[in-house]
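J.: Here the protein sequences come in this chain order: A and B. The first sequence: position 305 = 304 (numbering that gives the first Met the number 0), numbered continuously. The second sequence: position 266 = 265 (numbering that gives the first Met the number 0), numbered continuously.
Hints listed in this document are in silico derivations from the structure and should not be mistaken for laboratory results. Among the hints, a few may not be true.
What the hints assert, rightly or not - Chain B is faced by these chain A residues, among others (derived, beta-carbon under 8 Å):
id	residue
1	70
2	71
3	166
4	244
Unchecked claim - Cut-off 30 Å, straight-line C-alpha distance, at most; resulting in silico cross-link-like pairs (DSS-like, lysine-lysine):
id	chain 1	residue 1	chain 2	residue 2
5	B	149	B	133
6	B	69	A	141
7	B	271	B	186
8	B	69	A	272
9	A	272	B	129
10	A	141	A	32
11	A	32	A	48
12	B	108	B	141
13	B	149	B	108
14	B	271	A	48
15	B	69	A	85
These numbers come from a predicted model, not from an experiment. Ideal Cβ positions, reconstructed from N, Cα and C, are used throughout, including at glycine.
Given next are the chains, with one letter for each unit.
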Amino acid sequence: MSEQKQSTPSFLKPELFRKLKRDEYSAEAVTRKSLTSWQDIRMRMMENKLAMTGFWIIVGIIAAAILIPWLSPFDHFTNDLSSTNKVPNGTNWFGTDDLGRDMLVRTFKGAQISMFVGIVAALIDLIIGIIYGGIMGYYGGKVDEVMNRFAEIIYSIPYLLVVILLLVVMEPSLTTIIVAMSITGWINMAWIVRAQIMQLKNQEYALASKSLGAGAMRIIFRHLIPNAMGPILVTLTLTVPNAIFTEAFLSFLGLGVQSPAASWGTMIDDGVKAMTIYPWRLLFPAFFLSLTIFAFNVFGDGLRDAFDPKLKK
Amino acid sequence: MSSLAASASGVDEVRDHPESSITFLVFHRSGSNNSKFQRVYIANYIYPFEMHIKIWKRVGDEMFRYIASKFIFMLLSLFVLVSATFLLMNAIPGSPLQSEKATSEQVQKNLEAYYGLDKPLIVQYGTYLKNLVKGDLGISMKKKFQSVDKMIANSFGPSLRLGISAIITSVVVGCTLGIIAAMHHRKLLDNVAMILAVIGLAVPSMVMGPLLQYFFAVKLRWFEVAGLENPMDYVLPTIALASGPIAVIARLLRSTMIEVLNSDFIKTAKSKGLSGYVIVVRHALRNSMLPVVTYLGYLTAGVITGSVVIEKIFAIPGIGKFFVESVINRDYPLIMGTTIFYAVLLMTTRFLADIAYVLVDPRMRTGKGAK
Chain A
0 MSEQKQSTPS FLKPELFRKL KRDEYSAEAV TRKSLTSWQD IRMRMMENKL
50 AMTGFWIIVG IIAAAILIPW LSPFDHFTND LSSTNKVPNG TNWFGTDDLG
100 RDMLVRTFKG AQISMFVGIV AALIDLIIGI IYGGIMGYYG GKVDEVMNRF
150 AEIIYSIPYL LVVILLLVVM EPSLTTIIVA MSITGWINMA WIVRAQIMQL
200 KNQEYALASK SLGAGAMRII FRHLIPNAMG PILVTLTLTV PNAIFTEAFL
250 SFLGLGVQSP AASWGTMIDD GVKAMTIYPW RLLFPAFFLS LTIFAFNVFG
300 DGLRDAFDPK LKK
Chain B
0 MSSLAASASG VDEVRDHPES SITFLVFHRS GSNNSKFQRV YIANYIYPFE
50 MHIKIWKRVG DEMFRYIASK FIFMLLSLFV LVSATFLLMN AIPGSPLQSE
100 KATSEQVQKN LEAYYGLDKP LIVQYGTYLK NLVKGDLGIS MKKKFQSVDK
150 MIANSFGPSL RLGISAIITS VVVGCTLGII AAMHHRKLLD NVAMILAVIG
200 LAVPSMVMGP LLQYFFAVKL RWFEVAGLEN PMDYVLPTIA LASGPIAVIA
250 RLLRSTMIEV LNSDFIKTAK SKGLSGYVIV VRHALRNSML PVVTYLGYLT
300 AGVITGSVVI EKIFAIPGIG KFFVESVINR DYPLIMGTTI FYAVLLMTTR
350 FLADIAYVLV DPRMRTGKGA K
């Protein structure tokens, strides 16, 4: 090997080289600040412009949903028949509807309902999903098989039908909608948690905890779930737009929130009837519904990419 | 479990080589599982004809078992749904006939006898199940003396045509967008297609429908505002219904296709000098269709959900409009009938999608993924 001495290219002249000083000899040093995985995720998230746009839209809509109905001189249910169907103007920024109610306040009252439904439904899914999925994944075997079968049966029943059937039995209200959505909604979360727990339960730290005498519940909830938080959070974020959509969908059909409560679904329904003459009554709720769903979707996508850069396509 | 199917075909064990396409057929001598007594055939190398029959018999068994289990599972789910629906409908306090105008006691009794409500619950349940198997869904309580199955059959036509055109549109347009995006990964066309997809995903059908109606029917007057009489009337409802699924399919196909386009066999195809079109259609598309096929089962659900809204917006006399009306009117036999009809429709499509999945994915065929 030593015989194959390579000839030096002619342009490499000795005067191009100099001896390194001691303190410059640090190519191996770690220059990047050491980050925890959460800091890493946050940084990746910050770099994703679309996801951050989604995040700020969500923040903006939540802020508006809290502030606008509170600060506005109008409320969402008082009829004012002297000023019906007004074009957007200085007093009523989004115009008024056929009963003279301020569309700006109603639109953001609708945002309140949507956000409430979305977040509560997601949280219920989270709680049931973590418990069910955690037990399924941790115990495995027969327990897993039986519980999985049960979940599969519920999952295979079309979700819209369950929702509508429950609405027939119970009074149409926000609670009914949330209960109905939760009946089928938790299964997806449970499967995500199950897959994560199955991967994690054979890790050394779970074994260590077990050998120290920790019970199953402690291992699941203190050790495994916190380590599976990434996929759980992503699923949680992507549940919210689905719940918002379902609420609007049911209210649009007249099966959900009832007037005078302002839901985007009922407002769109009213707006469609009047859209040829008063298009703004359709456009504002429709725009904000789409914007919210868009924001949650891009934020959730961004979150997924940030948690698992390998998945980024 | 695979040994069960295998022993039926005379082979004791079938092993797939993890890295190549070689299949080992293992014959245990005298029922022993000890490796010293095993005869191992490499199925792809030795070509006795009967061996092939054995392999295919085993494959057929595996597939049959997979499909049969899916089918039984479907029946089970359906049974649960029917029972749950029946119980829910009967859990509502008071007789569904009480909302009628004031009637004498005798008339009330006769009505109850007519609908079979005077019998104990378990007998009613049995009768309902028995009639259901025969395809009889009962009689409407609000529209007097009309049978539910006839009502469903009459309103199914427009919904079916609309649904099929929406499904075809979403598959064709969604795949096209996905292919374009994948072929131009991280270039302008990719971004355009993905922005379109995000919009399609974010704008729900109840917003998309009215907007299309407003701009194309009211403002531009290109189409009729409502109704479903001419073929042209299908355009707007179809777009409104398909916009969401188009977005989902485009995104699904794009992400799998990008992965597939980077794989070795595509590089081989490229190095053989095949044209881009042939590579995409013959090689890449076939290998990226799996998620789309899985999605087809859910697409039907989406189209049905969407059509409930779309039929309301475009005043289409279909089954979705009918369903909502029956819920608002609280016409219990009608609600149950429509629910069961929808459920059968959805579960059948999901079942067909499962079968299609087995047929498309060779891994499922060898029984590796079936478990």
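J.: Are the hints correct? Go through all of them and say.
T.: Hint-by-hint comparison with the structure:
About 27 Å separates the beta-carbon of residue 70 of chain A from the nearest beta-carbon of chain B, more than 8 Å, and the hint is not met. Contact between residue 71 of chain A and chain B, as hinted, is not supported at the beta carbon level, the nearest pair being about 24 Å apart and thus beyond 8 Å. Annotation: interface hint on residue 166 of chain A holds; nearest CB of chain B at approximately 7 Å, less than 8 Å. Interface restraint check for residue 244 of chain A: the shortest CB-CB distance to chain B comes to about 5 Å, inside 8 Å, so the restraint holds.
A C-alpha spacing of about 14 Å is found between residue 149 of chain B and residue 133 of chain B, which places the hinted pair at or below 30 Å, so the restraint holds. About 20 Å separates the Cα atoms of residue 69 of chain B and residue 141 of chain A, which keeps this hinted pair within 30 Å; it holds. A C-alpha spacing of about 26 Å is found between residue 271 of chain B and residue 186 of chain B, which places the hinted pair at or below 30 Å, so the restraint holds. About 44 Å separates the Cα atoms of residue 69 of chain B and residue 272 of chain A, which puts this hinted pair outside 30 Å; it is violated.
Annotation: proposed proximity of residue 272 of chain A to residue 129 of chain B is violated, straight-line Cα distance about 44 Å (limit 30 Å). Restraint check: the Cα-Cα separation between residue 141 of chain A and residue 32 of chain A comes to about 47 Å, which exceeds 30 Å; the hinted pair is violated. Restraint check: the Cα-Cα separation between residue 32 of chain A and residue 48 of chain A comes to about 23 Å, which is no more than 30 Å; the hinted pair holds. Between residue 108 of chain B and residue 141 of chain B the CA atoms are separated by roughly 17 Å; this keeps the pair inside 30 Å, and the hint holds.
Our distance criterion of 30 Å between C-alpha atoms is met by residue 149 of chain B and residue 108 of chain B, whose separation comes to about 26 Å. The hinted pair formed by residue 271 of chain B and residue 48 of chain A fails the criterion: a straight-line CA distance of about 40 Å is larger than 30 Å. A distance of roughly 57 Å separates the Cα atoms of residue 69 of chain B and residue 85 of chain A; the hinted pair therefore is violated under the 30 Å criterion.
Violation of the numbered hints given earlier is confined to hints 1, 2, 8, 9, 10, 14 and 15; the remaining hints are satisfied by the structure.
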